[in-house]
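Participant: Below are the chains, spelled out letter by letter.
Number of protein chains: 2
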Amino acid sequence: MKHTVTFMPDNITTLVQQGDTLLSAAAKAGIYVHACCGGDGVCGKCKVHVKGTVHSDKSKLTQEEWDRGWRLACRSTVESDIEVTVPELTSKGGKTLKRRPKTTRTVSAKALDALIGKWNVDPPVSKLYLELPPPTLEDNIADMQRVIRAIRLHFPQDQHREPYYDLPCLLKYLPRTLREADWKVTLLLLRGRNQGDTFRIIDIEAGDTTAKLYGVAIDIGTTTCSGVLINLYTGEVLAESSGYNGQISFGEDVISRIIYAARPGGLKALQGKVVATINAIIEDICRQLIISPSDIAYMMAAGNTVMSHLLLGLDPKYLREAPYVPSVSEFPLTRAAELGIHAHPSTRLFLYPCVASYVGGDIVSGAHACQIAKSEKVSLFIDIGTNGEIVVGGKDWLVCAACSAGPAFEGGGIQYGMRASQGAIEKFQIHPQTLEPMLVTIGQSKPSGICGSGLIAIVAELLENHVIDQQGKFHHDLDTPRIREGSNGWEYVLAWEHTSMIGEDIVLTEVDIDNLMRAKGAMYAGYQTLLESVGLSFADLQQVILAGNFGAYLDLEQAICIGLLPDIDREQFYYLGNASMLGCQISMTDMNRFREREQVRQLMTNMELSENPQFMQHYMAALFLPHTDMRLFPTVGKKLADSLA
Amino acid sequence: MKHTVTFMPDNITTLVQQGDTLLSAAAKAGIYVHACCGGDGVCGKCKVHVKGTVHSDKSKLTQEEWDRGWRLACRSTVESDIEVTVPELTSKGGKTLKRRPKTTRTVSAKALDALIGKWNVDPPVSKLYLELPPPTLEDNIADMQRVIRAIRLHFPQDQHREPYYDLPCLLKYLPRTLREADWKVTLLLLRGRNQGDTFRIIDIEAGDTTAKLYGVAIDIGTTTCSGVLINLYTGEVLAESSGYNGQISFGEDVISRIIYAARPGGLKALQGKVVATINAIIEDICRQLIISPSDIAYMMAAGNTVMSHLLLGLDPKYLREAPYVPSVSEFPLTRAAELGIHAHPSTRLFLYPCVASYVGGDIVSGAHACQIAKSEKVSLFIDIGTNGEIVVGGKDWLVCAACSAGPAFEGGGIQYGMRASQGAIEKFQIHPQTLEPMLVTIGQSKPSGICGSGLIAIVAELLENHVIDQQGKFHHDLDTPRIREGSNGWEYVLAWEHTSMIGEDIVLTEVDIDNLMRAKGAMYAGYQTLLESVGLSFADLQQVILAGNFGAYLDLEQAICIGLLPDIDREQFYYLGNASMLGCQISMTDMNRFREREQVRQLMTNMELSENPQFMQHYMAALFLPHTDMRLFPTVGKKLADSLA
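In the order they appear, the protein sequences are chains A and B. Final position of the first sequence in the numbering used here is 669; the numbers increase by one with none missing. Final position of the second sequence in the numbering used here is 669; the numbers increase by one with none missing.
Honestly, the hints are just simulated from the structure, not real lab data. Every value quoted in this text rests on a predicted model; they were computed, and no experiment measured them. Be a bit skeptical, because a hint or two may be false.
Identical chains share a label here; the pair holds if one copy fits it or two copies do between them.
[Unchecked claim] Straight-line Cα separation of at most 35 Å, DSBU-like style, residue types lysine-lysine; simulated pairs:
id, residue 1, residue 2
1, LYS52, LYS663
2, LYS142, LYS398
3, LYS151, LYS196
4, LYS196, LYS297
5, LYS151, LYS341
6, LYS292, LYS196
7, LYS82, LYS26
8, LYS208, LYS292
9, LYS419, LYS84
Produce the entire structure from the sequences given, and follow the hints as far as they go.
Facilitator: And the structure:
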């Protein structure tokens, strides 16, 4: 249930979920509220006046304040349409802060449909119920041949072709199943790779089990793996689950995993960890529906090239050595159980093909999901992360590249950087006069660090409010104790020791800003290099698709402000969320869409950026906020100029 | 090297191998020589006079005998063309024994060629040597895709089709092999099931290994397994080996194996035993050629339905229960290593399809080898054994059946019966006047028992010499101590205690003869029932093909004499030897012949004889020597009458 929250005196309205805090609502609306404790209720500074019903408590308020309608924004949850008045802070000039309403465009269901297109329910596995005539002395052909004969009666057009079937798992229980089920059985059929291929019998179940047909889609991330259970008759998601990739204990990023794999037993250990992670997800999903993992008829997974190699137990060594060659890019259909996954011995696991060592199946799956390979429009598909992946093109050609952005987007190389978990500052505003921060943390606890999206928000705010310059250096002459020279150079204090979770000041340093500039610079240089490689510029782009969980948390304006995303019409941006998972879901449900994946991969031409001089040039030019060439960022230039005025 | 041996005074000539004993030569020529010790040299009775070179020793001979040219037939080996005079034995009538020259027809190489036809060298696996361009930054497609691209250049007509390949075994070592071999590698390709199917890459080897391509053909017998190593470029047999099927420790025949398989862990134990047997054969073969089992590119095996089920680990339970249904008759192509066989992980094992529970892949392989399914002639294909299998027909139809003959042909149920091993009486003649035996044993040692072919020889001789009547009963009035009433009824003493290996008299009893009559009666009734089922009689037969090792040791005249084989033109009989193995060898060498196997199997219609009233009637009529209807055995009838005259 959603409610309208109107913030006064700016009269800015936003729609929020019932139960959201007023602090979140303010952050969403771009309204600054002084809140330096991350939403934990301890600083008591986020007092707002409320007309309407909120759920709240009296902490940090006097009875008089309470009776007059004052509430702490971080301790009040929205329960109805309300009007909230944010008091003006005492400031030198006494002016009211200008509000900057968010323009981030969240793609509506309809727009998303237009992007990913329609898909049919026509999965790669199907069920067939058969009532077989029991054998007699006059008709005592083998059990398997009896089944095949019945299938042929069902598919008379395939008379001439022998279906394949699995040995030994199927044959080992076939005779008993047939007899115990009184010759009434359900077959699970797997369709062939190409249209017109004969199918394969992969399982036989007693009685009529055609009512149920489940598939699992899995996204294998370097950090997080997630899975969804799908009703293959409807495409409906029945359950979902996720967990950290157990390989994290052997290294945070793909490079450290590759290094670990080279150790004795390392490859096997890594494979075991990701399999255990997938097993935990499957177990959780199955528990939710009270089914057994052996009821899952098909699995489809996507991951980057290193994750795919490790899952299959393939040595990732050469992925990391120039010229960066995968063992295989079209992964063959595998039996999940052979990899150690808890599954019926016949259940197949399909792994999305990769393009290159650093453009993996997750990107192919995402690009496949949003159908850019069938679109008349020129698209830019972006997955931002330590390894940022970029795809540019349309229905006739696609170029792609990976650029090593470094770990800044995941909080790495940042003094108080952390993953997007409890206590991470994810939303940030600064008061233009007091330069006091408004922090919102994940879980609305006291802050303990800065996650990737928080880092972008902080740097964008500091830039827009001229706390830092376009080189990412602090203005030293500002009148606030929060800007100071620390042991690592100049820094801004996001949270003082007494309001932080970790018992020390949480700061953002110039070194941190520099690291973020390198990361965003690499991404932007990547777009530029790819576009130029096909003779295009940003002006030619017709849609920009943000994939990945990180993309989903990005504030579009802030990301453009620092130069991470191109400064073009905001209407052209789409958030796709976990596109890798979405591609698996679609492919698992619709065989025709599934078959198109190969065209997508084959259309994708990989460019190696790491030793590309053009890329290096663009990268150097992008080490600026937002960019040394301000013609590329007209709205940011205007905004910076306006805020000075 | 062969030599001519001419036996006087009958002037009968036979061709024997250098090194054969004179006793074997006499047995082959049908010449009676008194030799009651089996060829061990201890009785000293087999004195013959030799003109020409033999290798011999003086045991049991005086110097005078030696100087005059007398030798012991069992202790003398042929070294040149010779003339041998067999002395007349002192007998009541003093007459010379009539000689019955053998008419057994051993198929000459040319005749066998006509039977099995030509085959090409075009195996189901092939090798392809590739020199790949090493990857560069501009061309860094995945290793597997690089290999596939090179294959496509080699087979431009298959451009549109993606070859399959094995995961994980191939991919796991592909990258390292490519680099260590400096991108010069040999691929092992497996052809698809159907003409026009795309092939599958199953192995990659460093450098150019195209010079070698080996296959192994395996015959999986209930008692004995054998294997041959074949050069798949020529079809040439390079090495062979055989051994007892290790399952024997769990039971001698298929029924006891089926029973054992039902015990906890029984199926697994049986599978393990036959796999160990095959492994020993492979090891032996590989040692002979100094190659590794992983050098074997393909394996093809045939066995009866029970053996096939056990090798694949399939429960044989329902094979034994009416209506006798196998789990599967077309066995899918399996990876040998998955069954536990010492082989490269990618090496495929093909198992010949079976027709029914008791008409197995060995029979299909044999019938396939001799091309009866392509012949204009009406053929009778026979494999004699505990489970006798019979196939009748030609190019338009084939009917087949198994008949449970019982173990007599393998020495079972016979008081002194034994397998065809050291000391088993395998050849037998009797002197018509003295009724003294001439025994030749396997290994020419003292006799220790009677094997199947010996049993047939003994009963035929006793019948022809009117020692027994056509009901298999002894004539009690003959003047010899060898016929006597023992503890199991009337019997003939084949060897006295002092000349036997086992320290007791070796006898043949009326019970033994009765068991043999049941066994041969079942076989004969089987032929009759099958022929009648398609409206034919023995007169319509144009060829009779004897398969199996037992068939190879059969004396044709003796087998007809007791009624085991039909009394038709001897020119129509062919010995095929191990037809099951031959079928594997041919199929492994020639893909086109291989593909025809399915037609053979599909043409074969199984008849269940066990509860067939027609069969029971024929069986009862056949419990006679040779048969109650002597019109079916005209030459035997004449011979019996002549020998009385």
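Participant: Please go over all the hints and tell whether each is borne out by the structure.
Facilitator: These are the hints, each one checked on the structure:
Taking identical chains as interchangeable, the C-alpha atoms of LYS52 and LYS663 lie at most 35 Å apart only when both belong to the same chain, with a minimum of 19 Å there against 113 Å between chains. Taking the shortest Cα distances, LYS142 and LYS398 sit within 35 Å of each other inside one copy (13 Å), while across copies they are farther apart (55 Å). When the C-alpha separation of LYS151 and LYS196 is checked against a cutoff of 35 Å, the pair qualifies both within a copy, at 20 Å, and between copies, at 34 Å. Taking identical chains as interchangeable, the C-alpha atoms of LYS196 and LYS297 lie at most 35 Å apart whether they share a chain (30 Å) or sit on different chains (19 Å).
For the homomeric pair LYS151 and LYS341, the shortest alpha-carbon distance between copies (28 Å) is at most 35 Å, but the shortest distance inside one copy (41 Å) is not. For the identical chains of this complex, LYS292 and LYS196 are neighbours both inside a copy (29 Å) and across copies (12 Å), given an alpha-carbon limit of 35 Å. In this assembly of identical chains, the alpha carbons of LYS82 and LYS26 lie at most 35 Å apart only when taken from the same copy (25 Å versus 117 Å across copies). Taking the shortest alpha-carbon separations for LYS208 and LYS292, only the inter-copy value of 29 Å comes in at or below 35 Å, while the best intra-copy value is 42 Å.
Proximity of LYS419 to LYS84 under the C-alpha cut-off of 35 Å is found in neither arrangement, the shortest distances being 59 Å within a copy and 100 Å between copies.
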